[in-house]
Amino acid sequence: MKPNFILFILLIGCNQPDMKHYSYADGNGNLFKISTTEIHYIPITQETSSSGIYSGGLEKKVAIPTSQYHEIATLFEEAAKNKSAHTSKRKMMTGLVMINTRKEQKSIILRPSSDEKKQIESVLHTIVQPQSGE
Numbered sequence: 010m011k012p013n014f015i016l017f018i019l020l021i022g023c024n025q026p027d028m029k030h031y032s033y034a035d036g037n038g039n040l041f042k043i044s045t046t047e048i049h050y051i052p053i054t055q056e057t058s059s060s061g062i063y064s065g066g067l068e069k070k071v072a073i074p075t076s077q078y079h080e081i082a083t084l085f086e087e088a089a090k091n092k093s094a095h096t097s098k099r100k101m102m103t104g105l106v107m108i109n110t111r112k113e114q115k116s117i118i119l120r121p122s123s124d125e126k127k128q129i130e131s132v133l134h135t136i137v138q139p140q141s142g143e
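Note that my numbering numbers the sequence shown so that position 46 is 55, with each residue one more than the last.
Incorrect hints may appear among the rest.
[To be verified] Subject to a maximum C-alpha distance of 27 Å in a straight line, what follows is the list of computed DSS-like cross-link-like pairs (lysine-lysine):
1) K29 to K69
2) K100 to K115
3) K42 to K115
4) K127 to K70
5) K29 to K70
6) K100 to K90
7) K42 to K29
8) K115 to K29
9) K92 to K69
10) K98 to K127
11) K98 to K42
12) K92 to K127
13) K98 to K115
14) K69 to K42
15) K70 to K115
16) K42 to K70
17) K69 to K127
18) K112 to K29
19) K112 to K98
20) K90 to K29
21) K42 to K127
22) K92 to K112
23) K42 to K92
24) K90 to K42
25) K70 to K92
26) K100 to K127
27) K112 to K42
28) K29 to K127
29) K127 to K115
30) K69 to K115
31) K100 to K69
32) K100 to K29
33) K98 to K29
34) K100 to K42
35) K92 to K29
36) K92 to K115
37) K127 to K90
Since the hints were made in silico from the structure, they are not lab data. Values in this document were obtained by computation on a predicted structure and should not be read as measured data.
The task is simple: from the sequences and hints, build the whole structure.
Pasting the structure below:
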């Protein structure tokens, strides 16, 4: 590769806006990691659940189109802005929104009854469709 081409690539990378990464832990503790291309579902296991009985099913990765990523990002950003949907303590059935950039990490706990929590979980569970491992 020519040095000018490498410099050009480096300059483009430096001018890119700070990319946001989203994660969500649902009311049961299942984790969803959202990238621009996929959702990685990491379920809670029977051994790690508070009841010792619940399992979130099987771990999986599901490809998503850019439009779906933007829909999810919008839900997360709206949930972060609506302070009336927030609570200060992570308890059972609350939702945990995590928004990360290179410069900042933000975590928001959503009340169990908030519309934002219900919308986020509905969209994520519909995309991933967790299935039992039994």
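Taking the hints in turn, this is what the structure says about them:
no., hint, result
1, K29 to K69, "holds, 22 Å"
2, K100 to K115, "holds, 18 Å"
3, K42 to K115, "holds, 15 Å"
4, K127 to K70, "holds, 22 Å"
5, K29 to K70, "holds, 19 Å"
6, K100 to K90, "holds, 21 Å"
7, K42 to K29, "holds, 12 Å"
8, K115 to K29, "holds, 11 Å"
9, K92 to K69, "violated, 32 Å"
10, K98 to K127, "holds, 18 Å"
11, K98 to K42, "holds, 21 Å"
12, K92 to K127, "holds, 16 Å"
13, K98 to K115, "holds, 15 Å"
14, K69 to K42, "holds, 11 Å"
15, K70 to K115, "holds, 24 Å"
16, K42 to K70, "holds, 9 Å"
17, K69 to K127, "holds, 21 Å"
18, K112 to K29, "holds, 10 Å"
19, K112 to K98, "holds, 24 Å"
20, K90 to K29, "holds, 16 Å"
21, K42 to K127, "holds, 17 Å"
22, K92 to K112, "holds, 22 Å"
23, K42 to K92, "holds, 23 Å"
24, K90 to K42, "holds, 20 Å"
25, K70 to K92, "violated, 31 Å"
26, K100 to K127, "holds, 16 Å"
27, K112 to K42, "holds, 19 Å"
28, K29 to K127, "holds, 22 Å"
29, K127 to K115, "holds, 20 Å"
30, K69 to K115, "holds, 25 Å"
31, K100 to K69, "holds, 25 Å"
32, K100 to K29, "holds, 26 Å"
33, K98 to K29, "holds, 24 Å"
34, K100 to K42, "holds, 20 Å"
35, K92 to K29, "holds, 20 Å"
36, K92 to K115, "holds, 14 Å"
37, K127 to K90, "holds, 16 Å"
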